[in-house]
Structures are given as C-alpha cells and as structure tokens.
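Visitor: If you want the building blocks of each chain, they are given just below.
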Amino acid sequence: MGQEIRVPAITAAIIDSLPVNDYPQKMAESHEQALLERIRNGDDYGFELLVKEHTGKVIGLAWRLVGNREEAEDLAQEAFLRLHRSLPDFRGDSRISTWLYRTTTRLAIDHLRRERIKRKLFFFRQDNDAPDPVDLARDPGNDPGREFQSQEAMRTLRKSLRKLSSRQQVIFTLRHYEGLPLKEIAAHLGLQTGTVKAHLHRAVTQLRLDLAAYRESSREESL
Amino acid sequence: MKNKNCLSEQDLILHYYGELPANDERVYHLADCPLCEERVSALTHDLAKLPELSHESDFAAGTRMAARVNERLNKRRRNWIPALGASAITAFALMITVFIWSPQDQRVQTTQSAPPALAIISLNEDMPEIDFLEDLELLKELELLSQIEGV
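As given, the protein sequences belong to chains S and A, one line each in that order.
Numbering-wise (numbering that gives the first Met the number 0), the first sequence opens with residue 0 and increments by one.
Numbering-wise (numbering that gives the first Met the number 0), the second sequence opens with residue 0 and increments by one.
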C-alpha cells in the first residue's frame, strides 16, 4: 500500500508559491545577469566562465552546420570574441545563448559561402569524401560493419548537404537536427517565414533524391 | 488518384515538422486521404533514415576554448599598446612641426598672396619714417648743387 507523504504546512505553502515551470529559466537568467555584471566590472574570470558554459553547445551547433570539427572550433572562437566585443552594449533583451546561437549560425552561413566560392573560383578541391579524423579515431564498438555503414551514410549526407545552397543547408540543419521552429529560424536569419519554408522544401527534396540514389547504389553493390 | 485537395510536397514537409496548425484543413485532409498518408509515410521513412549528427563534446573543450579566446584577447590588447604609443608620438611630432613652422609660413603667405597695393601698405607699415627719406634726398640735392658751384 502506498504510504502518504506528509509535507509540513509551511513547506507546502512555499512549494505552492514557487512558479514551477519557469523557475529554472529565471534562475539561469539571474545567474547570467550576475555573470554579466562581473564581466562589466572588469572580472576576466567571469567571461572565462561564460565561455566554458556555452562552448559545448556552440561547437556542437557549428559542427552540425559546417561538418568539420576544426572549422567548428574556429567559428565558435570567433563567436565568443564577438560576444566579448558586444558585451558593453549587451542590454539583456535576449539571452546570451540566443545571441551566440544567432551569431554562430550567421558565421556558419558566411563560412559556407566562402568555401563554396573558394572551390568554384580557385578550383580548390576539398576532399569531400574524406571523413573527419575524429570520427575515424572513434571506437567502432561491437559491430565495425555497422559503424562503417553509418560512417558511409554520414559521408553521403555531408556530400549531399554540400550540394545545397548555404542557406538551404543551414535551414535544414536548424530545423531537422536542432529542432528550431521555422519562425525562429526566420528571425535568426532575418528572412520571411515563407522564404524559410521554400528553402526547407528544396533542401529536403534534394536530400531525398541523393539518399535514394545512394541506397540504390549500395543495394546494387551488395547483390 | 491525386485530387486538388491533396497536399503539396512543401505542405507535407511542413506537416512532418509539425509546422501546420492543428486546425488547418490540410491536416483534416490528411486524415481522410490514403494517397497523402502514403506520401507522408514515405517522407517519414526517408527522413528517419538520415544519420544522427550528434556531437560528442569532451570535458576539456570549455577550458580549451576559454584559453584560446583569452589568448586572442590578450594578443589584441598587446597590439593596442604599441599602436597607441606610435600614434601618440606621431601626433606629438606633428604638433611640434606645426608649432615651429606655422609663424614663418603665415608671413610668407601674407606677402605672397597680398595684392600690390596691400604690399605697399605693409611696406609703409614696416618703415613709418618716410619723411626721413625725403630729407635725405634734399641733402643729396644740396651736395650736388655745391659741387656744381665748385664750393
């Protein structure tokens, strides 16, 4: 039989008065404000803490967008340097994480555009089929065959993503992998929601075509 | 067979990502149309097969990034100090040059640029005792007269 837990009246009253849903968010906001205050007062360690807190998410986002760890770390570094430059004017209208998200996305679009132009103009041929060295160093686990297949699929996806325009690539990644609503993506990129929808449609259509061709070719190879 | 109410590819994609409002008539159509249902399941199948892009962040990534950013910021600060010193020295040298050269320049400018009448005026200002010159001429004339007379 379940035993009823008795909560003292005062504790119950305190718990009831807490806004349960937005409490963690408010805690995070006040922590962020305190950190910003420290940085504005010239505390360099405050900024270091800020960087440490956001590094994982920023590098993760940049890596999903550009597909290379080294480039992702460079983009993350640039985003943090820009944040440092903008901190004196940071009014706190948006959270730092949102600001970093937006800046990293824009930096990634610029980076992808530059890379595309470089490849077109200077016949700079990046080895598109080369896997990320970190992926190669990863422990294959119990099933190396499956690991190889997943690496192949990843390579095909990256190759296919590179065929898209930088905007299509970023919009697809933000919607599919980051789960960001289209309205937010539009706000981040300064585009109309209709434009974002059209880009997403083109991206998904292209990816489906490429992946269907890949599946077809791998089926033929296995026969 | 596809009818006019069947969803476009874009709408199917929006539906897959939950971007169509729940009370939208396109959503109602999906519930009744086997063809659209089939298209949705094909899309779901394709997109579900996409590999995960999960990023494994290591424990030291934050510390490493903080060190990188810190280094860049310090480098920027270090670059500022010599640049500030150099511009201060240049400004000081410029000020000295202007201070030394400006009075002479002004004088040259006045004589060169002034019209002839003004130049005479300025000459008269430099030699106010013009009467003395007239007296000198008178003396010269007296001397010439005494030479003629053989005195």
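Keep in mind that the hints were calculated from the coordinates and are not lab data.
For each residue, glycine too, the CB sits at the ideal point set by N, CA and C.
Among these hints, one or two may not hold up.
Using C-beta positions, here's what the derived DEER-type ranges look like [what the hints assert, rightly or not]:
1. Asp31(A) / Asp92(S): 26 to 36 angstroms
2. Asn2(A) / Ser96(S): 19 to 29 angstroms
3. Glu215(S) / Glu51(A): 16 to 26 angstroms
4. Asn2(A) / Gly193(S): 16 to 26 angstroms
5. His44(A) / Asp73(S): 14 to 24 angstroms
6. Lys3(A) / Ser164(S): 28 to 38 angstroms
7. Thr97(S) / His44(A): 29 to 39 angstroms
8. Lys3(A) / Ala212(S): 25 to 35 angstroms
Only pairs whose alpha carbons sit at most 20 angstroms apart, straight line, appear in this in silico DMTMM-like list of lysine to aspartate or glutamate [claimed, not checked]:
9. Lys48(A) / Glu215(S)
10. Lys51(S) / Asp73(S)
11. Lys56(S) / Glu51(A)
12. Lys158(S) / Asp43(S)
13. Lys74(A) / Glu215(S)
14. Lys51(S) / Glu55(A)
15. Lys3(A) / Asp23(A)
16. Lys48(A) / Asp42(S)
Visitor: Does each hint hold? Answer for all of them.
Guide: Going through the hints against the structure:
1. Asp31(A) / Asp92(S): 26 to 36 angstroms: violated, 45 angstroms
2. Asn2(A) / Ser96(S): 19 to 29 angstroms: violated, 46 angstroms
3. Glu215(S) / Glu51(A): 16 to 26 angstroms: The hint (16 to 26 angstroms, Cβ to Cβ) holds, given that Glu215(S) and Glu51(A) are roughly 22 angstroms apart.
4. Asn2(A) / Gly193(S): 16 to 26 angstroms: Since the Cβ atoms of Asn2(A) and Gly193(S) sit about 25 angstroms apart, the hinted range of 16 to 26 angstroms holds.
5. His44(A) / Asp73(S): 14 to 24 angstroms: violated, 37 angstroms
6. Lys3(A) / Ser164(S): 28 to 38 angstroms: holds, 31 angstroms
7. Thr97(S) / His44(A): 29 to 39 angstroms: Holds - the Cβ-Cβ distance for Thr97(S) and His44(A), about 34 angstroms, lies within 29 to 39 angstroms.
8. Lys3(A) / Ala212(S): 25 to 35 angstroms: With Cβ atoms ~31 angstroms apart, the hint holds.
9. Lys48(A) / Glu215(S): holds, 14 angstroms
10. Lys51(S) / Asp73(S): This hinted pair holds, its Cα atoms lying about 15 angstroms apart.
11. Lys56(S) / Glu51(A): holds, 16 angstroms
12. Lys158(S) / Asp43(S): Given pair Lys158(S), Asp43(S) is violated - Cα atoms ~41 angstroms apart, limit 20 angstroms.
13. Lys74(A) / Glu215(S): violated, 53 angstroms
14. Lys51(S) / Glu55(A): holds, 15 angstroms
15. Lys3(A) / Asp23(A): Answer holds: Lys3(A) to Asp23(A) is near 16 angstroms, not above 20 angstroms.
16. Lys48(A) / Asp42(S): Given that 20 angstroms is the threshold and the Cα spacing comes to 48 angstroms, the pair is violated.
In this structure, the hints that do not hold are numbers 1, 2, 5, 12, 13 and 16, in rising order.
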